[in-house]
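Based on these hints, arrange chain A on the given structure of chain S.
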Amino acid sequence: MSLLSLIFGEKKHTASVAKERLQLIIAHERVGLNGPDFLPDLQKDLVAVISKYVKINPEDIKVGLEKQGNLEVIEVNIVLPETR
Amino acid sequence: MTTIITVTSGKGGVGKTTTSASIASGLALRGYKTAVIDFDVGLRNLDLIMGCERRVVYDFVNVIQGDANLHQALIKDKHADNLFVLPASQTRDKDALTEEGVEKVLKELEHQGFDYIVCDSPAGIEHGAVMALTFADQAIVVTNPEVSSVRDSDRILGIIQSKSRRAVEGREPVKEHLLVTRYDPKRAHEGEMLTYTDIQELLRIPLLGVIPESEIVLQASNQGIPAIHQKGTPVADAYQDAIGRFLGEEHPLRFVDYEKPGLIKRLFGGK
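Chains S and A supply the protein sequences, listed in that same order. Going from the first sequence to this note's numbering is simple: count from 1 and add 111. Going from the second sequence to this note's numbering is simple: count from 1 and add 385.
Some clues are possibly wrong.
The calculated lysine-lysine pairs, modelled on BS3-like cross-linking and capped at a C-alpha distance of 30 Å, are [what the hints assert, rightly or not]:
no. : chain 1 : residue 1 : chain 2 : residue 2
1   : A       : K418      : A       : K548
2   : A       : K650      : S       : K123
3   : A       : K548      : S       : K173
4   : A       : K418      : S       : K130
Calculated from the structure, these hints are not laboratory results.
Same shape as in the complex, but just chain S (with noise of 0.2 Å):
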């Protein structure tokens, strides 16, 4: 800190990151909270399907919801087992 802002007492604008930070962790949690809740169930039977085909873990489905703008996105991620 400087001598000057020392005497003066500078302030930090910090309302702008919290409105940010909210913003965030707002929308991320409103999905979680109010976001449909068929996707346990298209997880469970996501996991069922592919193991016909490939052995892998449940935990290595992961199913989540995104907002882009107006639109709402379906994420499924597999992870597959690497192969030797």
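For chain A alone, coordinates are given in the frame of chain S:
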């Protein structure tokens, strides 16, 4: 027609009880027969804020469990005609507030011709808070310009939208209002504090009012006289405006803009 108003927030210490006391008193002063109920079983405080703590004989749980009738438990307010306080129980466990019990008491108040029932919710999202919002027609969400309060308000809005009777039965949803409390226009102006428009943008519900941060609130609670009775103070005026808006009147926002004090004011102080 009785309207049930729930005052809630998720977070504690943001001014729910202060708001419940002032909103209920303000409605009663305008001639509406009003009851204000403390849902904070085990940690009752509405009685202290309303200044009737020494007149509590029976409480909400006594009425639910049939140990007393509603008439015996309702305490008539000293400062406003038409206003009655139903205190929470201080000793019994929280599960004493059953959904059927709460509904029964609210129905009885309706039969007695009350215009408004103000439900002062406990903090948190547990049983007591859910009971306080279950039967709401309207909800006043009290929020401080502070990150944890805004986030918790958003959580409680989610709960209103999923657990209230209106939501469960698919009726017209609970009407939600945002009340920003402990607002400091100077700090907001200087970018140190979230502005009321920031909060409204984040929570996306209509703004009922902005109550400025003030020492009056502590002075009011010290004396057990709701802040709205401190006539001529910004806090009382802001609550009056909020009640007016609640009843459909139009009032411009006051006490939200920061005016730089002039030189004389700065030299000689004064507010």
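With a cut-off of 30 Å on the C-alpha distance, tell me whether K418 of chain A and K130 of chain S pass. Roughly 40 Å between the alpha carbons, so the hint for K418 of chain A and K130 of chain S is violated.
Does K650 of chain A pair with K123 of chain S here, judged by a C-alpha cut-off of 30 Å? 25 Å, holds
Tell me if the straight-line CA distance from K418 of chain A to K548 of chain A falls inside 30 Å. Roughly 28 Å separates the two Cα atoms, so the pair holds.
Pair hint outcome, K548 of chain A versus K173 of chain S [Cα-Cα no greater than 30 Å]: Holds, at about 28 Å.
Checked against the numbered hints above, the structure violates only hint 4.
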